[in-house]
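Chemist: The task is simple: from the sequences and hints, build the whole structure.
Quick note on the numbering used here: the sequence shown kicks off at 1 and runs consecutively.
Hints may contain errors.
To be verified - Label pairs and their in silico Cβ distance ranges:
no. : residue 1 : residue 2 : range
1   : T101      : P43       : 19 to 27 Å
2   : G88       : H111      : 16 to 24 Å
3   : D75       : R124      : 22 to 30 Å
4   : A3        : S123      : 36 to 44 Å
5   : E14       : D75       : 22 to 30 Å
6   : A3        : R91       : 19 to 27 Å
7   : Y98       : D16       : 29 to 37 Å
Hint data in this document are derived by calculation from the structure and do not stem from the laboratory.
Cβ atoms here follow ideal geometry from the backbone N, Cα and C, with glycine treated the same way.
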Amino acid sequence: LGAEGRPRIGRLSERDLLIAGAALYAGEGAKTDGTVALANSDPRMVALFCRWLRQFFDVDEDRLRVFLYLHEGLDLEVACQYWTVVTGIPRSQFGKPYRATPDPGIRRSKHPMGCPRVSYTCSRTHRGVMGLVRALLSSELPSGVAQLAVAADC
Numbered sequence: 001l002g003a004e005g006r007p008r009i010g011r012l013s014e015r016d017l018l019i020a021g022a023a024l025y026a027g028e029g030a031k032t033d034g035t036v037a038l039a040n041s042d043p044r045m046v047a048l049f050c051r052w053l054r055q056f057f058d059v060d061e062d063r064l065r066v067f068l069y070l071h072e073g074l075d076l077e078v079a080c081q082y083w084t085v086v087t088g089i090p091r092s093q094f095g096k097p098y099r100a101t102p103d104p105g106i107r108r109s110k111h112p113m114g115c116p117r118v119s120y121t122c123s124r125t126h127r128g129v130m131g132l133v134r135a136l137l138s139s140e141l142p143s144g145v146a147q148l149a150v151a152a153d154c
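Modeler: Encoded structure:
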């Protein structure tokens with residue numbers, strides 16, 4: 001997997017990472033005022049978000065939080081340890097987990113490590129993140145690519 005795309009992407013430059021993080025946040029990030037947050041069960045997406053946030057913003061590590069959504073019956077401590085490694089956020093900064101009761105008739109697959117929501121509350125950082133999102137979504141596209149004029153207020 002990824003063998004076809006890897007040569008096309010290559011090694012990410014600092015600018016590439018800035019843009020990739022802004023795009024990830026535009027699609028997956030929370031848009032709540034004053035809070036920068038992303039929930040995703042893919043550890044690569046979560047790690048990319050954490051790296052991007054730390055690299056491009058002045059983050060007070062003590063204010064980072066993880067809130068875990070994990071089905072009952074799955075090992076909470078193992079999942080917390082797993083996400084501590086992925087995020088670099090200590091277990092002491094994890095909020096109260098949400099333990100979902102699985103409905104066997106509806107959902108067959110459960111994420112064994114759950115789904116974390118990484119959260120950072122800082123109005124200044126939120127304004128910076130949303131500024132990047134607005135810049136990304138309003139930037140000029142290459143010629144030949146249709147650009148849709150939509151009034152959007154992030």
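Chemist: Each hint: holds or not?
Modeler: Hint-by-hint comparison with the structure:
The hint said 19 to 27 Å for the Cβ distance between T101 and P43, and at roughly 24 Å that hint holds. Separated by about 20 Å at the C-beta atoms, G88 and H111 satisfy the suggested range of 16 to 24 Å. Between D75 and R124 the beta carbon distance is about 37 Å. The supplied range of 22 to 30 Å is therefore violated. Restraint check, A3 to S123: a C-beta distance of roughly 43 Å satisfies the suggested window 36 to 44 Å.
Between E14 and D75 the CB atoms are about 38 Å apart, so this pair departs from the stated range of 22 to 30 Å. Between A3 and R91 the CB atoms are about 36 Å apart, so this pair departs from the stated range of 19 to 27 Å. Checked against the hint of 29 to 37 Å, the C-beta distance between Y98 and D16 comes to roughly 34 Å, which is consistent with it.
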